[in-house]
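J.: Quick note, the sequences are listed as chains A and B, same order.
Okay, so the first sequence: first residue is 1 according to our numbering, each after it adds one.
Okay, so the second sequence: first residue is 1 according to our numbering, each after it adds one.
Keep in mind the hints are simulated off the structure, nothing from the lab.
A hint or two may mislead.
Within a straight-line C-alpha distance of at most 30 Å, the following computed BS3-like cross-link-like pairs (lysine-lysine) qualify [unchecked claim]:
#1 A:119 with B:23
#2 B:119 with A:23
#3 A:150 with A:119
#4 A:111 with B:23
#5 B:134 with B:111
#6 A:150 with A:111
#7 B:23 with A:134
#8 B:119 with A:150
#9 A:134 with B:134
#10 A:119 with B:111
#11 A:159 with A:23
#12 B:150 with A:150
#13 A:111 with A:134
#14 B:111 with B:150
#15 A:23 with B:111
#16 B:119 with B:150
#17 A:23 with B:159
#18 B:23 with B:159
With the C-beta cut set under 8 Å, the calculated list includes, among others, these residues of chain A facing chain B [as the list claims (entries may be wrong)]:
#19 3
#20 7
#21 8
#22 24
#23 48
#24 93
#25 94
#26 96
#27 101
#28 111
#29 136
#30 325
These figures come from a predicted structure and were not determined experimentally.
We treat Cβ as the ideally placed atom computed from N, Cα and C, and that holds for glycine.
Protein chains: 2
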Amino acid sequence: MTEEYISLAHGNGGRLTRELIDKVFVQYGQHPLLDTVNDAATMSLPNQTICMTTDSFTVQPLEFPGGNVGSLAVHGTVNDLSVSGATPLYLSTSFIIEEGVSMACLIRVVKAMAEAAHKANVSIVTGDTKVVPKGQGGGIYINTAGIGLKRTHTQFDIKRLSAGDHIVVSGPIGDHGVAVLLARDEFGLDSQLISDCASVYPFVEAIDTIDGVKFLRDPTRGGIAMAMHEMAQATNLSIRLNEAAIPLSGQVESVCNMLGFDPYYLACEGRVVAVVAPEVSEEVVRRWQVCEHGQNAATIGEVLPRQEQYHCPVSLVTHIGGERLLDELEDDPLPRIC
Amino acid sequence: MTEEYISLAHGNGGRLTRELIDKVFVQYGQHPLLDTVNDAATMSLPNQTICMTTDSFTVQPLEFPGGNVGSLAVHGTVNDLSVSGATPLYLSTSFIIEEGVSMACLIRVVKAMAEAAHKANVSIVTGDTKVVPKGQGGGIYINTAGIGLKRTHTQFDIKRLSAGDHIVVSGPIGDHGVAVLLARDEFGLDSQLISDCASVYPFVEAIDTIDGVKFLRDPTRGGIAMAMHEMAQATNLSIRLNEAAIPLSGQVESVCNMLGFDPYYLACEGRVVAVVAPEVSEEVVRRWQVCEHGQNAATIGEVLPRQEQYHCPVSLVTHIGGERLLDELEDDPLPRIC
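Given only the sequences and the hints, what does the whole structure look like? Please build it.
T.: Next up, the structure:
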């Protein structure tokens, strides 16, 4: 690492995050089974293949329209298992609570967790609680780890991507990011917008028997732009999105215009992106549109051979027909939301 | 909960921790599979029984003689699986890193994790990294969750405890707690003491075919006193320890005498306590004494019918023959070490 100290940008899901993982966690923590590409690791037990994933949730504020850190911690891990081709079964949960947090807030968070787990049909089976002194925490940090049973008929694999594939998204992007930003009351903006925080498992289940469905990803930290970068980097392909096709709520669009944010980098917590063979993209869209929260599902882009003329493998055809590069996140252009 | 706000004592492993778990996490997060008594939850997959556990590690300072937060995070979770009767297999790891942490320190922590995992024969299979702003973290917090395969021949169950059982410990107590305290340099004390931080799996494997071995626990936060309280509360029995029999290094003893700490409440991170039928305690001690770090293994107490004359079910026969009650931790009598 060229940096001597950790900066906030090491946590933004962009280039520095990737370097931190590659140059510290992979290099010094190397284990042949460590999976840094997929959202969950896949392991074999005797007669059984399971997936395991983990995520820590450090969202500020702890509560926002449409959820709180508790429901988010359930959905985040359920979603990582779902897009990995597993049926989510069991979660562990670990709380790092800052001295001085109100019991009422903690209870709301725990309740939201339980409700989210119930709705997502997963069991929280074990837990841990630590309390840290005031000034050494962020209210409530929650880690969830999850185990799912690998569905034998799914073959999601980033290596199956090829030029010509279509990119499909299950709904409007950026709702979670904007809902959290506005919940901070820093901008004096009022909005009816609520986070999209939800399980994406129903979306996965709706399409996972379609053979041409090649890879799924939930575009959380770093938004769809960084999800596309991960795919492009892992495959040496390029990806071109079509701005006019990307579903975006009017509220997200106006907040982004007003505050100068780019919605393609904003986190979703209940959306899923699929890379599919071109001949099945209409079928995927059709199945998703009848799912709850899926009415705006759309094909939003395509996979291309690597476009060597550009320094960046992810681009966007804009409303006026130009092509704009969607660079990797570098520094922290957005307020931190996770 | 009668308390309106979280205090540090909610994290000390004593009465308030237990109440927080019972009155918040169990009450509001209730799920029939949530296991708040054992160190790991046991779940069935088709043809397979696995155990899952989780723990977040918030030790200060991050590095101490004998380990750091990375090795601790591996051993803590390996040990919870081990005492639950499982062979530890897979770990997830999630870092919450505070802005400004030095890369060199982070690398030492990741390296120590990898070494500990290698030595304990577990695979770190998935991970996550978050960065939080300066003043909202404690340097590096690490969560590990772990999966182990339930060993079919083990029958560890707190419900098997009965009056007459013996309590056996695998080595001297309090080394980890004192090593961490001294690493803070607050007391101006110098010592050669190193943390006992290590996998206890070899101790478990050495005795788990002995039928009279009923229950195991690693006495971490809250020390052996709180481990005994958990057993006494879950069974409505009493436990009497014998001060003269409890192995204690000279250094731990003198630090405790000097600073007024009670070693029975200090955390161990590489010791295990077994509750065994009286006729097998000698055999357990014999097998443990030939394990690495086991030369001081000893029978240190016994299980009694509930002693109704005392308000507290855990007591200690002192060197001079008196009986002293080892109360549940109430407020924070010890510097926080986890």
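J.: Would you mind marking each hint as holding or not holding in the structure?
T.: Here is how each hint holds up against the structure:
1. A:119 with B:23: Within the cut-off at roughly 23 Å; holds.
2. B:119 with A:23: holds, 23 Å
3. A:150 with A:119: holds, 20 Å
4. A:111 with B:23: Roughly 12 Å between the alpha carbons, so the hint for residue 111 (chain A) and residue 23 (chain B) holds.
5. B:134 with B:111: holds, 24 Å
6. A:150 with A:111: holds, 28 Å
7. B:23 with A:134: holds, 23 Å
8. B:119 with A:150: Given that 30 Å is the threshold and the Cα spacing comes to 29 Å, the pair holds.
9. A:134 with B:134: It holds: about 13 Å lies between the C-alpha atoms, which stays within 30 Å.
10. A:119 with B:111: Not OK: residue 119 (chain A) and residue 111 (chain B) at ~39 Å, beyond 30 Å, violated.
11. A:159 with A:23: Holds, at roughly 23 Å.
12. B:150 with A:150: Holds, at about 20 Å.
13. A:111 with A:134: holds, 24 Å
14. B:111 with B:150: It holds: about 29 Å lies between the C-alpha atoms, which stays within 30 Å.
15. A:23 with B:111: Judged against 30 Å, a Cα distance of about 12 Å means the pair holds.
16. B:119 with B:150: Answer holds: residue 119 (chain B) to residue 150 (chain B) is near 20 Å, not above 30 Å.
17. A:23 with B:159: violated, 48 Å
18. B:23 with B:159: holds, 23 Å
19. 3: holds, 6 Å
20. 7: holds, 6 Å
21. 8: With Cβ-Cβ at 5 Å, under 8 Å, it holds.
22. 24: holds, 6 Å
23. 48: Holds. Min distance 5 Å.
24. 93: holds, 7 Å
25. 94: holds, 4 Å
26. 96: Constraint on residue 96 (chain A) satisfied, holds at 5 Å.
27. 101: The hint holds - residue 101 (chain A) has a Cβ within 8 Å of chain B, the shortest such distance being about 5 Å.
28. 111: This hint holds: residue 111 (chain A) lies near chain B, its Cβ roughly 5 Å from the closest one there, short of 8 Å.
29. 136: The hint holds - residue 136 (chain A) has a Cβ within 8 Å of chain B, the shortest such distance being about 4 Å.
30. 325: violated, 26 Å
Taken one by one, the earlier hints fail for this structure at numbers 10, 17, 30, listed in ascending order.
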